[in-house]
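A.B. asks: Listed below, chain by chain, are the residues.
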Amino acid sequence: AQSVTQLGSHVSVSEGALVLLRCNYSSSVPPYLFWYVQYPNQGLQLLLKYTSAATLVKGINGFEAEFKKSETSFHLTKPSAHMSDAAEYFCAVSPHGNLIFGKGTKLSVKP
Amino acid sequence: SAVISQKPSRDICQRGTSLTIQCQVDSQVTMMFWYRQQPGQSLTLIATANQGSEATYESGFVIDKFPISRPNLTFSTLTVSNMSPEDSSIYLCSVELQGNTYTFGSGTRLTVV
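Protein sequence lines correspond, in order, to chains A and B. Residue 45 in the working numbering is what sits at position 30 of the first sequence, and the numbering runs on without skipping anything. Residue 48 in the working numbering is what sits at position 42 of the second sequence, and the numbering runs on without skipping anything.
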């Protein structure tokens, strides 16, 4: 069965610092991988997705993620955090037409 | 991308009652999904709804508790039946679009008292 593990339920960074949110997956077949963001009291918004094209995927709001098959990872990064990036981030894998989510990582950004 | 209208956006319900959540999509989609997000938790798939057939439920979810309708390719409802405080969650509908893109409604925040 496919699954997703997000390391760190809460990450805190200073404004302007690097953001790194970790995601590891388990899959017996090449996966489709996603990062979603959820702002307080809102639904989910797609940040980016990997669908077996380029291993470095660029998303919205300056985020990007790199698919590393050897490490079964799909970590999310952003060079410089902004206060508006404070939200919860979910990594997800798509096995058969639905999404399996990780437990989420809450990102806090300190001024 | 598709636009999903989900309502109600929030509700406070008495235990033992039922609530029906509606999800309307502005384009025809084959598969619609219903998720539950319990407080402080991640999203868990409740069921997959295809038009013209019964919904497929995930382990731990049953049709009697969460009946789903899918009368056409743009609409679905999820009912939370005989509610208890443990059903207090955010319920979200989602659709799969071409290109392995999944779009979500804004969610229904349910509180059962």
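Hints may be right or wrong, so weigh each one.
Quick list of the computed label-pair ranges, beta carbon to beta carbon [said to hold, decoys possible]:
#	chain 1	residue 1	chain 2	residue 2	range
1	B	Thr62	A	Ser27	21 to 27 angstroms
2	A	Thr70	B	Arg21	47 to 53 angstroms
3	A	Ala69	B	Thr23	24 to 30 angstroms
4	A	Lys73	B	Thr23	43 to 49 angstroms
5	A	Ser85	B	Pro14	42 to 48 angstroms
6	A	Glu79	B	Pro73	22 to 28 angstroms
7	B	Val119	A	Asn56	41 to 47 angstroms
8	B	Gln44	A	Ser18	29 to 35 angstroms
9	A	Ser41	B	Val9	41 to 47 angstroms
10	B	Cys19	A	Lys73	23 to 29 angstroms
11	A	Lys73	B	Ser11	26 to 32 angstroms
12	B	Thr85	A	Thr70	27 to 33 angstroms
13	A	Ala69	B	Ile18	22 to 28 angstroms
14	A	Lys73	B	Asp70	43 to 49 angstroms
The hints are simulated quantities; they were obtained by calculation from the structure and are not laboratory data. The structure presented is a predicted model; accordingly, all values stated were derived computationally and were not measured. The C-beta atom is built at its ideal place from N, Cα and C for all residues, glycine as well.
A.B. asks: Could you run down the list of hints and mark each one as holding or not?
C.D. replies: Against the structure, the hints:
| no. | hint | in the structure |
| --- | --- | --- |
| 1 | B:Thr62 to A:Ser27: 21 to 27 angstroms | 40 angstroms, violated |
| 2 | A:Thr70 to B:Arg21: 47 to 53 angstroms | 50 angstroms, holds |
| 3 | A:Ala69 to B:Thr23: 24 to 30 angstroms | 50 angstroms, violated |
| 4 | A:Lys73 to B:Thr23: 43 to 49 angstroms | 47 angstroms, holds |
| 5 | A:Ser85 to B:Pro14: 42 to 48 angstroms | 47 angstroms, holds |
| 6 | A:Glu79 to B:Pro73: 22 to 28 angstroms | 42 angstroms, violated |
| 7 | B:Val119 to A:Asn56: 41 to 47 angstroms | 19 angstroms, violated |
| 8 | B:Gln44 to A:Ser18: 29 to 35 angstroms | 18 angstroms, violated |
| 9 | A:Ser41 to B:Val9: 41 to 47 angstroms | 33 angstroms, violated |
| 10 | B:Cys19 to A:Lys73: 23 to 29 angstroms | 43 angstroms, violated |
| 11 | A:Lys73 to B:Ser11: 26 to 32 angstroms | 29 angstroms, holds |
| 12 | B:Thr85 to A:Thr70: 27 to 33 angstroms | 43 angstroms, violated |
| 13 | A:Ala69 to B:Ile18: 22 to 28 angstroms | 46 angstroms, violated |
| 14 | A:Lys73 to B:Asp70: 43 to 49 angstroms | 45 angstroms, holds |
Checked against the numbered hints above, the structure violates hints 1, 3, 6, 7, 8, 9, 10, 12, 13; every other hint is satisfied.
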